[in-house]
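Chain order of the listed sequences is A and B. Residue numbers are given in the working numbering: position 109 of the first sequence equals residue 109, and the series is strictly consecutive. Residue numbers are given in the working numbering: position 22 of the second sequence equals residue 166, and the series is strictly consecutive.
Because the hints were derived from the structure by calculation, they are not lab data. Only a predicted model underlies this, so the values are computations on that prediction, with no experimental measurement involved. All residues carry an ideal CB built from backbone N, CA and C; glycine is no exception. Just to be clear, a hint being listed does not mean it is correct.
Across the chosen pairs, the derived CB separations fall in these ranges [as the list claims (entries may be wrong)]:
#: 1; chain 1: A; residue 1: Ala66; chain 2: B; residue 2: Pro302; range: 18 to 28 angstroms
#: 2; chain 1: B; residue 1: Trp170; chain 2: A; residue 2: Met79; range: 37 to 47 angstroms
#: 3; chain 1: A; residue 1: Ile77; chain 2: B; residue 2: Ser280; range: 42 to 52 angstroms
#: 4; chain 1: B; residue 1: His262; chain 2: A; residue 2: His85; range: 43 to 53 angstroms
#: 5; chain 1: A; residue 1: Asp75; chain 2: B; residue 2: Trp170; range: 25 to 35 angstroms
#: 6; chain 1: A; residue 1: Met1; chain 2: B; residue 2: Gln256; range: 28 to 38 angstroms
#: 7; chain 1: B; residue 1: Thr250; chain 2: A; residue 2: Pro5; range: 28 to 38 angstroms
Coverage of chain A stretches by chain B, computed from C-beta distances (three or more under 8 angstroms per stretch; other residues unrestricted) [as the list claims (entries may be wrong)]:
#: 8; segment: 3–13
#: 9; segment: 20–30
Here is what each chain is made of, one letter per residue.
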Amino acid sequence: MHPPPDELGFELPIRVQLCRRDEQSIWILSLIVYSAGFLIRLGGFYNPDDRHAHPPFLERLGIAFADGRTATSRDRIDMDQPPFHPTLRRLGSGSSGLSRSEETYWVFGIPPAGSLWLHYGWAGDGSRRGVMELDATPIRRLAR
Amino acid sequence: MSFVFPKYEAPKRQPLVAPAWSRPPWDEVPGLTSIRLEVVGTRGSVRLHSVEVYSRGFLMTVESRLPQRRLSVSELRSAERLHRDSAHQGELHDRLSVQVTFADRTAFHVEQAKWAPHDPAALEPSGAQIVLLDHSGGSSGDSVSFMNRRLWFTRLPPPGHVAIVVSWKGILAARRLSFEAKSILDAARTVAPPW
């Protein structure tokens, strides 16, 4: 349910915009890769001078591996059962100290070779679903 | 008998807003680096990571980590014991000392970093500053207690080595680390608009 405590992890800067509307946007900043999975670090940007603006957060996130296995941040996790791959869990979110929001998701499981799809929804654009395709190759290389 | 509410007067200035120099710009998506450094000892470890680079400064997280003994059932039942244990862990984390020195000998002491002033009109002190943006702790997988310090360096480093000395009284002997400022300067050139 957490990154291995005895591993430092490798930071993979990718920085891609997931969604945007007016002066709000959510970006993937980086992935932190461990032997058993990886963290997804998101940053939500907004104009703090706009009194009506709030730090943007994703409503939902799902992940799909090239072999068809999937997980979402809303899956129920049975702690009495051995974990299965992949598992997706939101570890934390907040906006303290920065003029932006931050979210971190833990993906338990290393994706197989090929593409990796992130499916997401954000209330800021009417909860339309978006899909981002990433290459699993650098994740697999760093996880070794 | 009557109730009279005083007329509302809008605040003349916004409290709790830090001046622009004391935090990263909100209208920039930072450039990123792969910098992740660690010093490991038998009684604890220190990690430096999450370096994000903006056009006029950079963020870094300094994380201290202590092995956490799993408490027995009887210990968990004792609120006093839990409180004492938690306070002791906090004191240990506060002993950490980290010095960051740029190639031009500008030095920052992480343990002396101050919170941003809560006054948007506060003037930037002369010289490079280090501002504490966030200070949070917890435990991970109930085997490690950690404390994160999110730091804003108000200047970019000049080219050359960035030297780091980590010492942690009673936990880690002084250790030296370094990385090249080039990775930060390169990342500063990739800052992007957020929309």
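Verification of the hints:
For Ala66(A) and Pro302(B), the hinted distance range of 18 to 28 angstroms is not satisfied, since their beta carbons lie about 45 angstroms from each other. Taking 37 to 47 angstroms as the suggested C-beta distance range, the pair Trp170(B) and Met79(A) conforms, at roughly 39 angstroms. Taken as a hint, the range 42 to 52 angstroms is violated for the pair Ile77(A) and Ser280(B), whose Cβ atoms sit roughly 24 angstroms apart. At roughly 46 angstroms, the beta-carbon separation of His262(B) and His85(A) lies within the given 43 to 53 angstroms, and the hint holds.
Look at Asp75(A) against Trp170(B): about 33 angstroms separates their beta carbons, and that is inside 25 to 35 angstroms. For Met1(A) and Gln256(B), the hinted distance range of 28 to 38 angstroms is satisfied, since their beta carbons lie about 36 angstroms from each other. Separation of Thr250(B) from Pro5(A) is about 34 angstroms and conforms to the stated range, judged on CB atoms against 28 to 38 angstroms. Here's how the segment 3–13 of chain A fares: 8 of its residues keep a CB closer than 8 angstroms to some CB of chain B, so the rule of at least three is met and the hint holds.
Counting residues of the segment 20–30 of chain A whose beta carbon lies closer than 8 angstroms to any beta carbon of chain B gives 8, which reaches the threshold of three, so the coverage claim holds.
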